[in-house]
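**Q** Okay, here's what each chain looks like letter by letter:
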Amino acid sequence: MTTAWTPDQPIVSIKDVHKSFGPIEVLKGVSLDVRKGEVICIIGPSGSGKSTLLRCINALVPINQGSIKVEGQEVHDPALDKLELRKKVGMVFQSYNLFPHKTALENVMMAPVHVLKRPKEEVEAQARRLIKKVRLEGKEDAYPGELSGGQQQRVAIARSLAMNPDIMLFDEVTAALDPETVKEVLVTIRELAEEGMTCVLVTHEMGFAREIGDHIYFTDRGIIVEHGPPATFFTSASDPRTRAFLSQIL
Amino acid sequence: MEGLWDFLRSLHDAYGINLVHFYDTFERGRLLRGMWTTVQLAATCVLLSVLIGIIGAWLQGSRFKILKAFVQGYIQFFRNTPPLVQMYFFYFALGPQMPRVENEFGIAQPILGSFAWAVISLSFFAGAFNIEIFRSGVEAVQKSTVEAAESLGFNRWQIYRYVVLPLAVRVCLPALNNNLVNLIKTTTQAYAIAVPETLYIASQIWSDRINVFEMMVTLLTFYLILVGIFVWLMTRLERSLRVPGFGQ
Ligand SMILES: Nc1ncnc2c1ncn2[C@@H]1O[C@H](COP(=O)(O)OP(=O)(O)OP(=O)(O)O)[C@@H](O)[C@H]1O
Ligand SMILES: [Mg+2]
Numbered sequence: 001m002t003t004a005w006t007p008d009q010p011i012v013s014i015k016d017v018h019k020s021f022g023p024i025e026v027l028k029g030v031s032l033d034v035r036k037g038e039v040i041c042i043i044g045p046s047g048s049g050k051s052t053l054l055r056c057i058n059a060l061v062p063i064n065q066g067s068i069k070v071e072g073q074e075v076h077d078p079a080l081d082k083l084e085l086r087k088k089v090g091m092v093f094q095s096y097n098l099f100p101h102k103t104a105l106e107n108v109m110m111a112p113v114h115v116l117k118r119p120k121e122e123v124e125a126q127a128r129r130l131i132k133k134v135r136l137e138g139k140e141d142a143y144p145g146e147l148s149g150g151q152q153q154r155v156a157i158a159r160s161l162a163m164n165p166d167i168m169l170f171d172e173v174t175a176a177l178d179p180e181t182v183k184e185v186l187v188t189i190r191e192l193a194e195e196g197m198t199c200v201l202v203t204h205e206m207g208f209a210r211e212i213g214d215h216i217y218f219t220d221r222g223i224i225v226e227h228g229p230p231a232t233f234f235t236s237a238s239d240p241r242t243r244a245f246l247s248q249i250l
Numbered sequence: 251m252e253g254l255w256d257f258l259r260s261l262h263d264a265y266g267i268n269l270v271h272f273y274d275t276f277e278r279g280r281l282l283r284g285m286w287t288t289v290q291l292a293a294t295c296v297l298l299s300v301l302i303g304i305i306g307a308w309l310q311g312s313r314f315k316i317l318k319a320f321v322q323g324y325i326q327f328f329r330n331t332p333p334l335v336q337m338y339f340f341y342f343a344l345g346p347q348m349p350r351v352e353n354e355f356g357i358a359q360p361i362l363g364s365f366a367w368a369v370i371s372l373s374f375f376a377g378a379f380n381i382e383i384f385r386s387g388v389e390a391v392q393k394s395t396v397e398a399a400e401s402l403g404f405n406r407w408q409i410y411r412y413v414v415l416p417l418a419v420r421v422c423l424p425a426l427n428n429n430l431v432n433l434i435k436t437t438t439q440a441y442a443i444a445v446p447e448t449l450y451i452a453s454q455i456w457s458d459r460i461n462v463f464e465m466m467v468t469l470l471t472f473y474l475i476l477v478g479i480f481v482w483l484m485t486r487l488e489r490s491l492r493v494p495g496f497g498q
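In the order they appear, the protein sequences are chains A and D. Heads up: the first sequence at position 228 corresponds to 228 in this note's numbering, and the numbers run straight through without jumps. Heads up: the second sequence at position 35 corresponds to 285 in this note's numbering, and the numbers run straight through without jumps.
What the hints contain is simulated information worked out from the structure, not anything from laboratory work. Being a predicted model, the structure only gives us computed values, none of them experimental. One or more hints might be untrue.
With the Cβ distance kept under 8 Å, some of the chain D side facing chain A (calculated, not the full set) [what the hints assert, rightly or not]:
1. T395
2. E400
3. G403
Every residue, glycine too, gets a C-beta built ideally from N, C-alpha and C.
The task is simple: from the sequences and hints, build the whole structure.
**A** Dropping the structure here:
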């Protein structure tokens, strides 16, 4: 049963989540809480289940065991209204995944118009504001194929924001970008975080995680090995696996 | 116009080139009606078969095994049997099973005439191929793009309608074009169940007027122009759907 959620409770509450693909258990009992306005960074080696965890949060993949609650609503519930969940949770992917047959502006407008059935003029005004916000003024009518990776990723962020989500999930959104454009995207995410958006970021940008993260989680082979605020996490990690990972990457 | 007809008539007298189906008002009238019937038949079948292709490809992505099996059975049946036999089957085997209705003169007549049966059989025939064509396009759409739509709250139908189908069409347009050209040419088969389309009328004219050669040339030219117009329209469609930086 869902009890009414209040903002003082975790906005995302993950408890002992297990997830297998066939015989392979990818998540082996993961628990973490995200509070409203918090920025959570998840780091860890490739294949440790970071993307899978994010995708479980907005029900793109089902879980085998445990519980994930978003604003008090159990995501694992078969009777879940997926639309309600996805209005609350925005997601940005490593490979941008824009709709290639739509312009930047149309990409941002699609979901509010077709999914939320909001009036077109109002959505267009909002979409133009969002494109300005991600610093892409003038690129409204460009197709994804005409934009750089960093520009596409910022359109993708604007597209998610157009649904007015309460939480944003970022899955290695800068991993496919060259160092110069990484900065543009990070600036956009930082602004969002500063405005109080709840963010869950999977990232390999340690410096960035350290700077904007309120809490850092380190995952390895389907479990959370260690977590803590950045100040202590990066300087005094206790687990040898964390230390090995950090020494490799820093 | 009269001058042209007189000129064609003089060709007959001078060289024995018999273009009576142009200069004779009656023959010209029925030939034009035949051509118009062909255009209507082709247009209806093109639209219906594309619709069948779009819906069939959607059903093939369904979660229900029975639906998928049904679509698969439909495709196998219509792809692996001769289209002429299919048309005979619809007209001569299914036709008589249908209820009859009274027409304005009080005479009972079949609820569906030969034109309707030709539309049905040709649309189902071409539709089976169109499903496969659309499916190949659907399969070319990236999973990650679909996932992005899903995460934005699109439901399955909305994903198909707004994301998958528009992308699939762009991929499969050349193959679709081919199949529809074939369909247009196959409309001549309606001749076999006495639909008064171009070939049927032409054969009547050449039996009455003994101008087989001239009628054949006229027929071939007509289909050349008809298919040419269709291909031109499809090329325009293709161009209007072209997106910078996508495909090619
Ligand atoms: N749909 C799927 N079917 C089968 N196996 C999968 C699927 N998705 C992920 N996996 C497997 O689950 C494991 C964890 O994958 P995941 O993408 O969550 O890792 P990750 O931590 O995000 O790695 P990376 O840093 O490379 O993105 C991998 O071994 C992967 O092969
Ligand atoms: Mg990943």
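**Q** With reference to the structure, classify each hint as holding or not holding.
**A** Now the hints, each set against the structure:
{"no.": "1", "hint": "T395", "verdict": "holds (5 Å)"}
{"no.": "2", "hint": "E400", "verdict": "holds (6 Å)"}
{"no.": "3", "hint": "G403", "verdict": "holds (4 Å)"}
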